[in-house]
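Quick mapping for you: the protein sequence lines, in order, are chains U and F. Following my numbering, the numbering of the first sequence begins with 1 at its first residue and continues without gaps. Following my numbering, the numbering of the second sequence begins with 1 at its first residue and continues without gaps.
Since the hints were derived computationally from the structure, they do not count as laboratory data. Incorrect hints may have been included.
[Claimed, not checked] The list that follows gives simulated cross-link-like pairs (lysine-lysine, BS3-like), each with its CA atoms no further than 25 Å apart:
{"no.": "1", "chain 1": "U", "residue 1": "84", "chain 2": "U", "residue 2": "116"}
{"no.": "2", "chain 1": "F", "residue 1": "54", "chain 2": "F", "residue 2": "43"}
{"no.": "3", "chain 1": "U", "residue 1": "155", "chain 2": "U", "residue 2": "116"}
{"no.": "4", "chain 1": "U", "residue 1": "83", "chain 2": "F", "residue 2": "54"}
{"no.": "5", "chain 1": "U", "residue 1": "13", "chain 2": "U", "residue 2": "123"}
{"no.": "6", "chain 1": "U", "residue 1": "84", "chain 2": "F", "residue 2": "54"}
{"no.": "7", "chain 1": "U", "residue 1": "116", "chain 2": "U", "residue 2": "83"}
{"no.": "8", "chain 1": "U", "residue 1": "123", "chain 2": "U", "residue 2": "83"}
{"no.": "9", "chain 1": "F", "residue 1": "117", "chain 2": "U", "residue 2": "84"}
{"no.": "10", "chain 1": "U", "residue 1": "116", "chain 2": "U", "residue 2": "8"}
{"no.": "11", "chain 1": "U", "residue 1": "155", "chain 2": "F", "residue 2": "54"}
{"no.": "12", "chain 1": "U", "residue 1": "83", "chain 2": "F", "residue 2": "117"}
{"no.": "13", "chain 1": "U", "residue 1": "123", "chain 2": "U", "residue 2": "8"}
[Said to hold, decoys possible] Ranges between beta-carbon positions, derived for each pair:
{"no.": "14", "chain 1": "F", "residue 1": "22", "chain 2": "U", "residue 2": "32", "range": "14 to 24 Å"}
{"no.": "15", "chain 1": "F", "residue 1": "82", "chain 2": "U", "residue 2": "42", "range": "17 to 27 Å"}
{"no.": "16", "chain 1": "U", "residue 1": "32", "chain 2": "F", "residue 2": "17", "range": "24 to 34 Å"}
Note that beta-carbon positions come from the ideal geometry of N, C-alpha and C, so glycine has one too.
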Amino acid sequence: MAVDQNLKIELGKQGIFVTTIEELYNWGRRSSVWPMQFGLACCAIEMIATTMARYDLARFGAEVFRPSPRQADLMIVSGTVTKKMAPQVVRLYNQMAEPRYVIAMGACAISGGPFKQGYNVLKGIDRYIPVDVHIPGCPPRPEALIQAFMTLQKKIDGQPLTGEGRPRFLDSDAQGEFPVPEQGAHDLEPTSNTGVWPVPITIR
Amino acid sequence: MASSPYFSLAVLFVAALGFGVAPLGLAWAWARVFSPAKPNAIKNAIYECGLESKGDAWMGFRSAYYLYGIIFLIFDVEAVFLLPFAVAFTGLGAAACAAMLVFVLLLVEGLAWAWAKGVLTWQ
Numbered sequence: 001m002a003v004d005q006n007l008k009i010e011l012g013k014q015g016i017f018v019t020t021i022e023e024l025y026n027w028g029r030r031s032s033v034w035p036m037q038f039g040l041a042c043c044a045i046e047m048i049a050t051t052m053a054r055y056d057l058a059r060f061g062a063e064v065f066r067p068s069p070r071q072a073d074l075m076i077v078s079g080t081v082t083k084k085m086a087p088q089v090v091r092l093y094n095q096m097a098e099p100r101y102v103i104a105m106g107a108c109a110i111s112g113g114p115f116k117q118g119y120n121v122l123k124g125i126d127r128y129i130p131v132d133v134h135i136p137g138c139p140p141r142p143e144a145l146i147q148a149f150m151t152l153q154k155k156i157d158g159q160p161l162t163g164e165g166r167p168r169f170l171d172s173d174a175q176g177e178f179p180v181p182e183q184g185a186h187d188l189e190p191t192s193n194t195g196v197w198p199v200p201i202t203i204r
Numbered sequence: 001m002a003s004s005p006y007f008s009l010a011v012l013f014v015a016a017l018g019f020g021v022a023p024l025g026l027a028w029a030w031a032r033v034f035s036p037a038k039p040n041a042i043k044n045a046i047y048e049c050g051l052e053s054k055g056d057a058w059m060g061f062r063s064a065y066y067l068y069g070i071i072f073l074i075f076d077v078e079a080v081f082l083l084p085f086a087v088a089f090t091g092l093g094a095a096a097c098a099a100m101l102v103f104v105l106l107l108v109e110g111l112a113w114a115w116a117k118g119v120l121t122w123q
C-alpha cells in the first residue's frame, strides 16, 4: 500500500516516521553500493582521487572497492576500452552478482573519446553492457564522478520492486548473461550486443 | 540434571553455538528466498580476473624439485647450528667440538653425494 506523500510529510512533522518495504530496501541498496576495484586508464586516477580523503566517496557508502567481481555491485568503466580489453570487461561484468550497475566514466568509456578513430579502440562500452550513468569529461573531475554516483543512487531509489520498470534482477525473465565478444580477424565479433545497443541507422 | 555443576556450562555452550549458527542459517535462508539467482557459465567460472582460465588446475609440479629443497636444507640447517657453535666456541670442550664436527661432516656427506650425482649442475 502506497503512503500518500503529503500525509507522510505531515506525519514526519509530528514525529512519526512512515516508510514502505520498497523504500527501506532501496535505501539499503543505494547506501551500500560497492564498486569494483578496476581501473582502465587515466580516468582511474580521478576515480582513486574520488575515494580518497579530499573527495571522500565513503560519504555515499561506496568506499569499499572490491577486488573481486563476485563482491561488487558497481562497475566504473574508468578509461579507454581497447578492443583487446573489451572481452575482459564484459566477462567481469558477467561475473558480478545481481544487482549490478555500470558507470561509464569519461569520454573514452562513452564513445572512444579522443581515440575514437583508433583501430583498436572500442567506441563506447555501452555496445556490450547496459550502462546506467554516462559521465562526460576527459577525464571527469571527482565531483563529476560523485554527481554520477548520486544520479545512480537516485535511479536505485526510484526503482519499483514489482510490476513494470522493476530492476533486472527481480525480473526472472530478464537477460542475465551478456555475450562476451571475441577477437575476430578485423574487429570484435559481434561488433555490438544489439540487445543492449541498437545499431543506429546511418542516413546518407 | 539442573543440579549438575556443568549444567550452566552446557547452556552457555548451546547458546554460543546458536549465536554462531543462527546468522549462517539466516543468511542461507535469505539467499534461498530473496537472492536473484541468474547463474550462467561465465558467472560460475572459477577465475575472476576477466580472463578465461586455460588448462587444468590439477597440474603436477616436477618431482625433481625435491632435490633442490633437500640441498637447501643442508645449508639452512648448517647455518642455523653453526652460528651458536661459533659464538660458544671458546668455551666448548673437545667432546662438543667432536660432536659438532660429526654433525657438519654428515651434512657435507649429503652435499658430496648430491655433487657426485650431478644434481648441482643446472639443467
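Structure-based check of all given hints:
no.: 1; hint: 84/U with 116/U; in the structure: holds (15 Å)
no.: 2; hint: 54/F with 43/F; in the structure: holds (16 Å)
no.: 3; hint: 155/U with 116/U; in the structure: violated (29 Å)
no.: 4; hint: 83/U with 54/F; in the structure: holds (21 Å)
no.: 5; hint: 13/U with 123/U; in the structure: violated (51 Å)
no.: 6; hint: 84/U with 54/F; in the structure: holds (18 Å)
no.: 7; hint: 116/U with 83/U; in the structure: holds (12 Å)
no.: 8; hint: 123/U with 83/U; in the structure: holds (9 Å)
no.: 9; hint: 117/F with 84/U; in the structure: violated (49 Å)
no.: 10; hint: 116/U with 8/U; in the structure: violated (50 Å)
no.: 11; hint: 155/U with 54/F; in the structure: violated (39 Å)
no.: 12; hint: 83/U with 117/F; in the structure: violated (53 Å)
no.: 13; hint: 123/U with 8/U; in the structure: violated (46 Å)
no.: 14; hint: 22/F with 32/U: 14 to 24 Å; in the structure: holds (22 Å)
no.: 15; hint: 82/F with 42/U: 17 to 27 Å; in the structure: violated (55 Å)
no.: 16; hint: 32/U with 17/F: 24 to 34 Å; in the structure: holds (30 Å)
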